[in-house]
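Order-wise, the sequence lines are chains G and X.
Position one of the first sequence corresponds to residue 1 (the working numbering), numbered consecutively onward.
Position one of the second sequence corresponds to residue 1001 (the working numbering), numbered consecutively onward.
Please note that a few of the clues may not be correct.
So the derived list for chain G, only partly shown, Cβ under 10 Å to chain X, looks like this [said to hold, decoys possible]:
#1 Gly95
#2 Asp102
#3 Gly109
DSSO-like, lysine-lysine: derived pairs with alpha carbons at most 27 Å apart [said to hold, decoys possible]:
#4 G:Lys78 with G:Lys62
#5 G:Lys78 with X:Lys1042
#6 X:Lys1042 with G:Lys11
#7 X:Lys1042 with X:Lys1057
#8 X:Lys1042 with X:Lys1068
#9 X:Lys1068 with X:Lys1022
These stretches of chain X come out as covered by chain G in the derived footprint (C-beta under 8 Å, 3 or more residues) [said to hold, decoys possible]:
#10 1043 to 1052
#11 1066 to 1079
Hints in this document: simulated from the structure, not taken from any laboratory.
Each residue gets a CB set at the ideal place from its N, CA and C atoms; glycine is no exception.
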Amino acid sequence: DARVTQTPRDKVTEMGQEVTMRCQPILGHNTVFWYRQTMMQGLELLAYFRNRAPLDDSGMPKDRFSAEMPDATLATLKIQPSEPRDSAVYFCASGSEGGGTDTQYFGPGTRLTVL
Amino acid sequence: GENVEQHPSTLSVQEGDSAVIKCTYSDSASNYFPWYKQELGKRPQLIIDIRSNVGEKKDQRIAVTLNKTAKHFSLHITETQPEDSAVYFCAASDDRGSTLGRLYFGRGTQLTVWP
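So that you can see chain G by itself, here it is in the shape it has in the complex (with noise of 0.2 Å):
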């Protein structure tokens, strides 16, 4: 059963450090999304690839965050430098664009706390 991970699964840090969360994506899916969870916000998109090219990243904070896929099975989400506010649940979720289906599979998620 394929699924999507993540890693790490936490993280603490200290407000100013950068973070690098990673995600690998289903096999053959060509489509990775990055999800932000917060109890004020909800679930909300930052970004979006498709076969490694970013289509949509107006949901990121651009100053701190950056998002890339250095190859089909890694994606991967910096904050340089990390603020408390940046303290939530990061998912990843992969698909296949043109395969039939509109589902997205979610990872397990990093949970990022920054103090």
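Given chain G, put chain X in place with the hints provided.
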């Protein structure tokens, strides 16, 4: 962009009763509406979805209905069980002509099923 509203925010039912969660959306171009279930500390998992060319879809105890004219859709769970207790999210997709686009999520409904 799309705005999805979800009600109620909390719902308590007795085991065996039915539960209904309702969502409205604002963008008439949205054409894909999934429902996700999220247990505490876990990833969101798709439980059922519907496209705008269909008015109703059922999967065992779960059904979704869609009213395109009124721009609302609902999740119906019959014969509820304690294991149905979770947060349920509705979403609408802005697929921009693709089969897989970003999701706009409602704020979630905490469903509690009492034995």
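Results for each hint:
1. Gly95: Where the cut-off is 10 Å and the nearest Cβ of chain X is about 5 Å from G:Gly95, the hint holds.
2. Asp102: 5 Å, holds
3. Gly109: Hint holds; G:Gly109 Cβ to chain X Cβ min 6 Å, cut 10 Å.
4. G:Lys78 with G:Lys62: 11 Å, holds
5. G:Lys78 with X:Lys1042: At roughly 22 Å apart (the allowed maximum being 27 Å), X:Lys1042 and G:Lys78 satisfy the hint.
6. X:Lys1042 with G:Lys11: At roughly 16 Å apart (the allowed maximum being 27 Å), G:Lys11 and X:Lys1042 satisfy the hint.
7. X:Lys1042 with X:Lys1057: 26 Å, holds
8. X:Lys1042 with X:Lys1068: With a Cα-Cα distance of about 31 Å, the restraint between X:Lys1042 and X:Lys1068 is violated, given a limit of 27 Å.
9. X:Lys1068 with X:Lys1022: Since the Cα atoms of X:Lys1068 and X:Lys1022 sit roughly 14 Å apart, the hinted pair holds (cutoff 27 Å).
10. 1043 to 1052: Coverage by chain G holds here, the residue count being 6 at a Cβ distance below 8 Å.
11. 1066 to 1079: n = 0 at 8 Å, threshold three: violated.
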